[in-house]
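K.L.:
If you're matching them up, the sequences are chains A and B in order.
For the first sequence, counting from 1, position 230 maps to 211 in the working numbering; every step adds exactly one.
For the second sequence, counting from 1, position 96 maps to 99 in the working numbering; every step adds exactly one.
Derived from the structure by calculation, the hints contain no laboratory data.
Note that the structure is a prediction, hence the values are computed from the model and not measured.
Please note: incorrect hints may appear among the correct ones.
[Unchecked claim] DSSO-like, lysine-lysine: derived pairs with alpha carbons at most 30 Å apart: (1) A/K124 x A/K(-4); (2) B/K240 x A/K101; (3) A/K59 x A/K38; (4) B/K125 x A/K(-4); (5) A/K(-1) x B/K125.
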Amino acid sequence: MSQNVVTYKRPPLLKALKRDMQLHFWKYVLIIPILVYLALFCYKPMYGLVIAFKNYKPARGIWGSKWVGFTWFETFFKDPYFFRLLRNTFRLSAYSILFGFPAPIILALLLNEVSNNKFKRTVQTITYMPYFISLVVACSIIKIYCQADGLFSQIGQFFGAPAQNLLIDPNKFTPIYVISGIWQNIGWNSIIYLAALSGIDQEQYEAARIDGANRFEQVLHVTIPGILPTIMILFIMRMGSILNVGYEKILLLYTDATFETADVFSTYTYRMGLQSQKYSLSTAVGLFNTMVNIVFLLFTNWLSTKTTESGLF
Amino acid sequence: MAKKVKDPVVMRGTKIKTSTGSKIFDVCNTLFLLALCFVTLYPMWYVLCASFTNNVYLVSHPGAVWWPVGFTTGSYSMAFEHPLILSGYKNILIILGVSLPINIIMTLFCGYFLASKGMMFKGVIQFLIMFTMFFGGGMIPTYLNIRSLGLFDSLWALILPGAISVYNCIICRTAIQAVPDSLTESAYLDGANDLIIVFRIILPLIMPTIAVLLLYYGVGHWNAWFNASIYLTDNYKLPIQNILRSILIANSNILNSAATDSDKVNEFAEAIKYAAIVLTTVPVLCIYPFLQKYFVKGVMVGAVKG
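Could you put the whole structure together from the sequences, leaning on the hints where they help?
P.N.:
In structure tokens form, the structure reads like this:
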């Protein structure tokens, strides 16, 4: 009798497998296409990362090429452009976070104070719009406005700046990149904060009012603490992609004249790998970029779980 | 006043608290939001006006345009006749037509699997799926992979790598989790298998989510240009965004070289750029407001459970 109980509790692995396959046969069938996709388009390129440690020659294939250890990383770290790339990547990213991260929070807080629902919804619809415009179109508009006789330059001239093409001035690249990024994403990114705001218990506001809080104090002591967990989670996710500056946009906007401030790791990877065919070196650069991102993600997550007790994992 | 009290925001500020400061804030807030709307809308309005504006005026008067000057639709008829713009449209429609069914079916399957419980390998498979959100091969190994799969210079190189987005799968999973278990259980008892359950029970119940997913995937394909620029070499295989990029960003004379009547292209050289922008942007801008009320759900889910 007791033997039976034991076998019932711990069925042999093979039997359990068979039972699982019988019970969930169709679920496994449904997931097969996804697994095939992951293997071919996600995990196979991950295997391809080994060429960062090899001297990859297309004729020899990934496996046949010679191992070279960390040579490519050393080459890259000694490259005179390394510090320029590091500096540019961090600068663009830091400014994007510094101005781009709070912007949708502020928009959500302002929208939350609007009492006319129709006006609120109209503003929302309009500010979502740039998110649906393609980068090519957005950058084209930027380019047209930044020409020597374009709108922005004319505004600049009104304030006494000389007529010039703003896109060939290295000092103007960061503001153009950051401001256009805010323009395109502020509305869309505010959605999540608005959703979090609507989840705040109205009784808390009532209580605050009874305690004599004015509107500003209500925002400070009720609204902001209410959306703080959402802010933290989004902040962690944003920090996890600190080195992922939008290379598609940079590729569309930069010129040889602005490499000084606009060239970042991913655009360097693009030029080295796809234009100069230095596959191994550019893979090493890309891998370095990914690893730094992961370190930042883990660090911010750790910091956030320590301080605010909300984290991704 | 009595009518307004229903609104919680107004209630917060009523009676003693409707101070002058509060009123000033409301006015400033409204003005600021109106300014934001203007800054958002003006570039669109500019492009729309410029596309109808006489080319001569456009060249001599860059900068602000408030109204179409010398109204003409020449740039549009020009654009519609151009072989490269037409093939760009055709290609993007092929990509959308093939991609979207693949996207939706794969996302539905993946979401259903992630939402079900009890499978022995669920943990492993879920990890394999989620891991790709944080780590990937990167640009060069991905590129070499596409080459080695023989997809180079084919539209499949734009369709297959984007067959599924894990982020969208999580949105789909959450929608499926909201379907009551008793529905699927009763279907099981009636002898339905998971395939039937997915298409006959789950799919009709999560239609709003499917609509949002269609929008996300569709806009993603419609606006993409990078992959096409590295995988395709034939100009006549390029989707519309890449044609736009050649005209607007690279300033190449791609249109002249392919046009039968290059004088006519030159005549509208400036205005045709704007017409092309309008033609590629309007379809997307016409769709999103209708799905707006569902955005909140999708975005919320993805970010919080990612």
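K.L.:
Next, verify each hint and record whether it holds.
P.N.:
A quick look at each hint next to the structure:
| no. | hint | verdict |
| --- | --- | --- |
| 1 | A/K124 x A/K(-4) | violated, 66 Å |
| 2 | B/K240 x A/K101 | violated, 43 Å |
| 3 | A/K59 x A/K38 | holds, 23 Å |
| 4 | B/K125 x A/K(-4) | holds, 18 Å |
| 5 | A/K(-1) x B/K125 | holds, 15 Å |
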